[in-house]
Each structure stands twice: as C-alpha cells, then as structure tokens.
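S.K.: Spelled out from the first residue to the last, the chains are:
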Amino acid sequence: MTWLFHGRWRERTSLLALGALEGREADGARAHVGGCPECADDLARLGRAVELAALDPLRAAEPPIGVPALLTRVSARLDAAAAPSPRRPVAVWLLPAGALAAGVAALLLYQPSPRPPVASPAVVSEPPVAVADDMLGRMERSVTRKQTARYLDEAQDLLLTVAASRPCARQSQRVDVGQEARRSRDLLARRALLVGTSGDDVASVRPVLRDVEYVLREVASLPSCARERDLQAIQREVSRRNLLMKIDLMTRELKG
Amino acid sequence: MARLARGDREALGPLMERHHRRLYRLALSYLRNADEALDAVQEVFVKAYQHAARWDGGSEVGPWLTRIAVNHSIDRYRRGRRRLAAETPLDEETGDRDVRLTTSDPSPERRVLGREVGERIASVLRSLPERQRAVFVLRHYDEMPLEDIARTLDMSLGTVKSSLHRAVHHMRERLEGLR
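Each protein sequence line maps, in turn, to chains W and V.
For the first sequence, the working numbering gives the first residue as 1, with consecutive numbering after it.
For the second sequence, the working numbering gives the first residue as 1, with consecutive numbering after it.
Extracted from the complex, chain V is given alone in its bound form (with noise of 0.2 Å):
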C-alpha cells in the first residue's frame, strides 16, 4: 500500500492476486450480476490506487477494500435499480449464464438445486433493505464475523444481528420447499 500511495501501479498486481478472487465474490453475490461485478472489482482497485494514501497505515488492507466494494456495489445497485424502474427489465439470463461459464459444479441435479437456490436467494435479497442485504452477503458469502461487519458498514453490533436475523428467515421461508 506505501507503494500504491506513491503512485507504484505495479504494486496494484499483488493487491489484485490476493484480493480480487474474493472481492469479485462479494460483488457478485451483491449485485448478482457478472458483469456488473467485474466492473466492480475494476473500480475497488482503481479507488485503492487513487485513494492509497488516505489508508491508514496500522490497519489491514483487506476490509479496507472490503468497505469499498460493498459501497460501491451498493451505489451501482441503487443506481440498476433506478435505472431499471425507468427502462427495460435487467437480462437474468446473462447473469445466469456468467454463473454457468465460471463454476464447475459436477453433479446435475446439484447444479440444478444450486441454480434454483441461487434465483431465491437473489428473489430474497431484491426485497432487503440495501444495508441488511450487505449484512447477509458480507456473512453468508464472505464469512466475514459478525463484528467486522459492524465496523465495515459503521453499523451497531446489536443491528448487525438483528439485520442478519431477520435475513436468515426470510431466506427460510423462501427456501423451504427445496430439496
């Protein structure tokens, strides 16, 4: 990150290869998207290098990053669904077809599970509010614990959990029936 804060692109390589893998994840688990998430890895890492000097120092690189994906998607998604209010439904396929392109599940009938589970969790996380949708994504897909996640969205523990509860059974209700 001294690197970065000097104006060293190079330094950006080895950020990417620890990082990228699973900010890619997060974004996309958010925004449900590919695409969408690729370019916002693109601009997580872009804002890092613009931004490198303002990092404090003493703390990790990672929820530093962390924190700017998860606003970053949580802007793009915003601004998708204004845009999406105004315009053409978003193409599911192609998100769809991205998930298909990238994973390598063996099983058929568990890639069909999957892709079932997949529709629900995004029909779920379409009707959070943006803040606990962020709470879920961050510990469901992230694994993130429930404190990090506090401090990565400037949220009260007490509200991290009572977001994450309400989540997790909404996700329930959406779920049963599978299997």
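Excised from the complex, chain W in its bound form (with noise of 0.2 Å):
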C-alpha cells in the first residue's frame, strides 16, 4: 500500500474518529480500516485523544449570566447605539489630538534643515499621524479607566447604602430598597457598556467587575420591600467575597 494510498484514508480515518463520517462514506472508511492494521492503530490512537477532548470542561460550560440580564446588557448597547452621537467621548479627545499632530506637524515642517528642502510630503507627514493615533488610544484606555473607576466608586456607594436600608413602613421583617435595585440596574445598564465598548483595556479589573456585577443583579432583583433575609444573604455574598476591599484596591490601581 503505497503512502498515497494511505494519505487518501488518514483524512477520512480522522473523520471516523471524530464521528463526523455518515453513510456510505463511514462503511467505505470502517472497511478500509478494518483490512488496514496501520489504520485500525491510527484510528484507536484518534478515538483516545477524541475521548480526551471531550472531558474540556468549556463544552459543558454555562453561561455566568441569565437571559434577563442578557437581555439588560443588549438593551443598553442598542441604547448606545441609537443614541444621536455616541462617538462624541472620542470627537472631543479628536479635537487636542489633532490640534496636537498638527502642532508637531508645523514644528517638523519648520525644522531648519542643512539639506535642501527635497524631502516628500509623504515623510514629512507620516510621523504626526502616528503621534495621533497613539495618543488617541492611549486617551481612550485613560477614558475606559475613568469610566470603570467611577462604576465601580458607584456600586461600592451602593452596596453600603443597601446594607443600611430602612425597615419598611408596613411591613415587619422587610427593608425598604426600591431605590438601591433602581440604582443596581442603572449601574448594570453601565457596565453593559463598559464591557461592550472598551473591555479590552479593564481586563486585570474583570473578576472585580464579574464579582461586581453578579451582587448588582442580586440587588436589582429584589422588591421594594425586600425580605431581610434575602438582603443578609446579599451582605454574606459581599463579605464572602471580599468585595468591598477589592474596589477598594481595583478603584485605586484604575486611578493611578
């Protein structure tokens, strides 16, 4: 059997293995296989490794969040979107940026020169640009670090403020959060945007931001007057987790 041969049945032989063969196309590669000693052991070495690769805990992984907060996270990023300029963050770092390239421009082009003035337009003004884009993610990543600073400032404020709810007026046994769960899913409709725009530049910040964000859907599922029990569980949770401090600390590394 020549090497050809047998690369022509290596590819379906990984294919058996794989269970993605049907029909006359798995019977043609199973009889080869079963005349093939060198294609039987190839394909038993495949079958192990296919088993292996099914025990990769990401194929039976589950979503860390819910279709409503989901859809909470959806919803806001559509918001964003329609909203009439929601570039205007960026337009408005555009404008130093800019005034700044043509700033280094002016000062390239005025440069005395022993030489001739021969040089292209081309290399003349390649390097302000450069300057400009730099500068402008740079602003950006400074803007995405304000931004999460500032959520997380926020839903610290907030997970304090619960904890010192009112009891409620009427009912025993029940405090008063009607406004902390409104605050819990503003704050949540942020974070959606903060993820979806700019997550790349809070990455060391993200199991902070997760932590964060499962307490805030806590929170905003609550009733108004929610039971006091549900709301300790809630402060269990925080303290659980060392909450609290890591803001504390992730705030202040976001904030330089």
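You may find that some hints are simply not true.
As the list claims (entries may be wrong) - Under the rule of at most 20 Å between Cα atoms (straight-line distance), these lysine to any residue pairs were calculated in the SDA-like manner:
| id | chain 1 | residue 1 | chain 2 | residue 2 |
| --- | --- | --- | --- | --- |
| 1 | V | K47 | W | A69 |
| 2 | V | K47 | W | L194 |
| 3 | W | K255 | W | R145 |
| 4 | W | K246 | W | V215 |
| 5 | W | K146 | W | Q156 |
| 6 | V | K47 | W | R145 |
| 7 | V | K47 | W | A80 |
| 8 | W | K255 | W | P167 |
| 9 | W | K246 | W | R170 |
| 10 | V | K47 | V | R67 |
| 11 | W | K255 | W | A149 |
| 12 | V | K47 | W | P68 |
| 13 | V | K47 | W | D157 |
| 14 | V | K47 | W | L78 |
| 15 | V | K47 | V | I68 |
| 16 | V | K47 | W | V67 |
| 17 | V | K47 | W | L193 |
| 18 | W | K146 | W | R210 |
| 19 | W | K146 | W | L194 |
| 20 | W | K255 | W | M245 |
| 21 | V | K47 | W | T72 |
| 22 | V | K47 | W | K246 |
| 23 | V | K47 | W | S75 |
| 24 | V | K47 | V | E109 |
| 25 | V | K47 | W | A82 |
As the list claims (entries may be wrong) - A short list of chain V residues far from chain W (calculated; beta carbon distances all over 10 Å):
| id | residue |
| --- | --- |
| 26 | M1 |
| 27 | R111 |
| 28 | E176 |
Quick caveat, the hints were computed from the structure, so don't treat them as lab data.
Predicted model, so just to flag it, every value in this text is computed and none were measured.
Glycine included, every Cβ here is placed at the ideal spot set by N, Cα and C.
Dock chain one against chain two, each of which comes alone in its own frame, and use the hints as you go.
M.R.: Take a look at the structure:
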C-alpha cells in the first residue's frame, strides 16, 4: 500500500474518529480500517484523543448570566448605538489630539535643515499621524479606566447604602430597597456599555467587575420591600467575596 | 425574527432562550475566556437585532446566529492577539476560574484531567490558523455536520475535511501521555 493511498484514508480515519462521517462514507472508511492494521492503530489513537478532548470542561460551561441580565446588557448596547452621537467622547478627545498632531507637523515642517528642502511630503506628514493615533489610543484607554473606576466607586457606594436600608413602613421584617434596586439596574446597564465598548482595556479588573455584577444583579432583583434575610444573604456574599476591599484596591489601581 | 426586523426588542428574549447557551459555549471554546465569550454573545444579539431585516426568512435562525458568533469570535480573537503582542499576557487564570465557576464535575480526578485537557486543547487551538480553529470548534464543541460547517464558514467541504484532519492530529499529539 503506497503512502499516497494511505494519505487518502488517513483523512477519513480522522473524520471517522471524530464521528463526522455518515452513511456510505463512514462504511467505506470502517471497511478500509478493518483491513489495514496501521489505519486501525491510527483510529484507536485518534479515538482516545477525541475521548480525552471531550473532557474539556468548556463543553459543559454555562453562561455566567441568565437571559434577563443578557437582555439588559443587549438593550443597553442598543440604546447606546441608537443615541444621536455615540462616539462623542472620542470626538472630544480628537480635537486636542488633532491640534497637537498639527502642531507637531508644523514643528517638523519648520525645523531648520542643513539640506535643501527636497524631503517628500509623505516623509514629513507620517510622524504626526502616528503620534495622533498612539495618543488617541492612550486617551481612550484612560477614559475607559476612569469610567470603570467611577462605576466601581458607585457600586461600592450602593453596596454600603443597601447594607443600611431602612425598615419598610407597613411590613415587619422587611427593608426598603426600592431605590437601591433601581440604582443597581442603572449600574448594570452602564457596566454593559463598559464591556461592550472597551472591555479589553480593563482586563485586569474583570474578576472584580464580574463579582460586582453578580451582586448588583441580586440587588436589582429584590422587590421594593425586600425580606431582611434576602438582604442578609447578599451582604454575606459581599463579605465572602471581600468585595468592598477588592473594589477599593481596584479603584485605586485604575485611578493610578 | 420578523418581530425583530420590525424593531420589537421583546422578541430578543425568546431568541436568547433558545440560542444563548449554545452560542456562549461556541464563543468560549473559540476564545477560551468567559468574559470575552459573554461579550461576544452580547454582540451577536446586538447584531442580530440591528441586521434582522437582512435575515433571509427562508433559512433557519440558528446557523445565521452561529455565523455571526463565529465571525465575531474570529475578529475578537484577532484583536486580542494583536493586543497581546503589544501589551501584557492575557490572564489565563481568569479563564480557568470562570470555567470552575460554571461547570459541575463531581469527580476531582476528572476535573483535574479536564483542566489539563482544556489547557492542552487551548494550546493546540492557539497554534492553528483561524479558519482551521473555527472548523474544529464547530465540530468538536457544537457537533455541527461538515456540510453545515462549510456553509457557515463559506469554505469547500474538502477544505473543512482537511482542516479537521490536521486539527485532530495536532490534538492527538498534544493529548497523548495524558490519563
């Protein structure tokens, strides 16, 4: 049997091991493997690899949030996209960056040169553009960090406020968290925008953002007059995750 | 989808109920990071809503969403790689922690083995070209038939087969010795 001939069957053996062949194609591959010890060995080894690959825990992973929370995030993104000028913050930054780039260009153009002015326009104009792009990137990252820090600040404030909620007027063993639940929903909507727009820039803060989001969802789901024990469960969760301390550390890191 | 095309956001709920788990696993398998995967799923539904009018009413929604998810994951992965090349390494532990939080394997040995397998698969996937990586993910994690993979990725059936063959052999080499 030539190597070329085997090559044709090797591909089918791989697909057979993956369970990706059907009908006559699968029958043909099995028949060939039955008469080819080398292919049978290949199939057995591939089969073991496929079995092992099936143990990858990602195959059974569940989304960390449910449909209502996902819907909130998507709605927030759609609202932001529908807003009249969603990229206004970038445009605001663009102005000084553009002015700076123009300044750099002017400096480069008027720099005294011992040689006659024969440099091509491309050589002169390239550096300012690179400076502007780089600067814009840094500015956008800086804005993201500030927004994230503000979000965490407000989340921390909310968690402290909710811990000191007043009892409901007409119901015993219940606390008034209506305002905090509304604030949590607002914060969750803002969190969706943070991740959706520049999530890459806050990668190191993500574990804390995730914990905060989890707790905010819990608060957002409380009725206006919540049971004390539900609130206590949330406080225990905040304490178990050392969330207030983590928010402190992260906010400080983000603010530099 | 007709409701979505009319701008009815409420219609997103049932669509999410049906597809968000599958799309999440798909994005997670490709991106290997829970936060990135969640962002990707979010963007899939944003795009589905924004482009609902473009959906061909005769075809099924699932493959259309899958296509959006795969293309978005490829883009995101590409951007991530560029960023990683320029900045600091991605926090691999974040991804691991997410997986621990979201799966429930009762046996510690299997769990340890599963994590080792996951890390090795991630390393193989990193070494594969983008489209090959997508082919393997769609087959292994989504169990998609080869013809559907070809349609989703706009590839010939032959290319899908040869990509899978190469991917599974890489996988075998990296997984041998485990267990």
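S.K.: Next step is simple, just say for each hint if it's right about the structure.
M.R.: Verification of the supplied hints:
1. Taking the CA atoms of K47/V and A69/W, the gap is about 17 Å. The hint holds against a cut of 20 Å.
2. Among the hinted pairs, K47/V with L194/W is consistent with the structure: their alpha-carbon atoms are about 18 Å apart, no more than 20 Å.
3. A threshold of 20 Å between alpha carbons decides the hint, and for K255/W with R145/W the separation of about 7 Å falls inside it, so the pair holds.
4. With a C-alpha separation of about 13 Å, the suggested pair K246/W and V215/W falls inside the 20 Å cut-off, and the hint holds.
5. Distance hint between K146/W and Q156/W is fulfilled; the C-alpha atoms sit about 15 Å from each other, no more than 20 Å.
6. Between the alpha carbons of K47/V and R145/W the distance comes to roughly 26 Å, so the proposed pair goes past 20 Å and is violated.
7. For the given pair, K47/V sits about 13 Å from A80/W by alpha-carbon distance, which is consistent with the 20 Å threshold.
8. Under the criterion of a C-alpha separation no larger than 20 Å, the hint pairing K255/W with P167/W is inconsistent with the structure, at around 36 Å.
9. Under the criterion of a C-alpha separation no larger than 20 Å, the hint pairing K246/W with R170/W is inconsistent with the structure, at around 37 Å.
10. Between the alpha carbons of K47/V and R67/V the distance comes to roughly 11 Å, so the proposed pair stays at or under 20 Å and holds.
11. Between the alpha carbons of K255/W and A149/W the distance comes to roughly 7 Å, so the proposed pair stays at or under 20 Å and holds.
12. The straight-line distance between the Cα atoms of K47/V and P68/W is roughly 18 Å, inside the 20 Å bound, and the hint therefore holds.
13. Between K47/V and D157/W the alpha-carbon distance is near 34 Å, which puts this suggested pair outside the 20 Å criterion.
14. For the suggested pair K47/V and L78/W, the alpha carbons sit about 9 Å apart, so the restraint of at most 20 Å is met.
15. Between the alpha carbons of K47/V and I68/V the distance comes to roughly 8 Å, so the proposed pair stays at or under 20 Å and holds.
16. For the given pair, K47/V sits about 17 Å from V67/W by alpha-carbon distance, which is consistent with the 20 Å threshold.
17. Simply put, K47/V and L193/W have alpha-carbon atoms about 15 Å apart, close enough for the 20 Å limit, and the pair holds.
18. With a C-alpha separation of about 18 Å, the suggested pair K146/W and R210/W falls inside the 20 Å cut-off, and the hint holds.
19. Between K146/W and L194/W the CA atoms are separated by roughly 11 Å; this keeps the pair inside 20 Å, and the hint holds.
20. Taking the CA atoms of K255/W and M245/W, the gap is near 15 Å; set against the 20 Å cutoff, the hint holds.
21. Proposed proximity of K47/V and T72/W is supported: the alpha carbons are some 15 Å apart, at most 20 Å.
22. Of the pairs offered as hints, the one joining K47/V and K246/W is violated, with about 34 Å between alpha carbons and a cut-off of 20 Å exceeded.
23. Taking the CA atoms of K47/V and S75/W, the gap is about 12 Å. The hint holds against a cut of 20 Å.
24. Between K47/V and E109/V, the direct Cα distance comes to roughly 41 Å. Violation of the 20 Å bound is thereby established for this hinted pair.
25. Distance restraint check for K47/V and A82/W: the Cα-Cα separation of roughly 13 Å lies within the 20 Å cut-off, and the hinted pair is therefore satisfied.
26. Residue-level check passed: M1/V sits 15 Å from the nearest beta carbon of chain W, beyond 10 Å.
27. Some Cβ of chain W comes within 10 Å of the Cβ of R111/V; the nearest lies about 7 Å off, and the non-interface call is violated.
28. Remark: the non-interface label on E176/V conflicts with the geometry, its nearest Cβ contact in chain W lying 7 Å away (cut-off 10 Å).
Violated hints, in rising order: 6, 8, 9, 13, 22, 24, 27, 28; the structure is consistent with all others.
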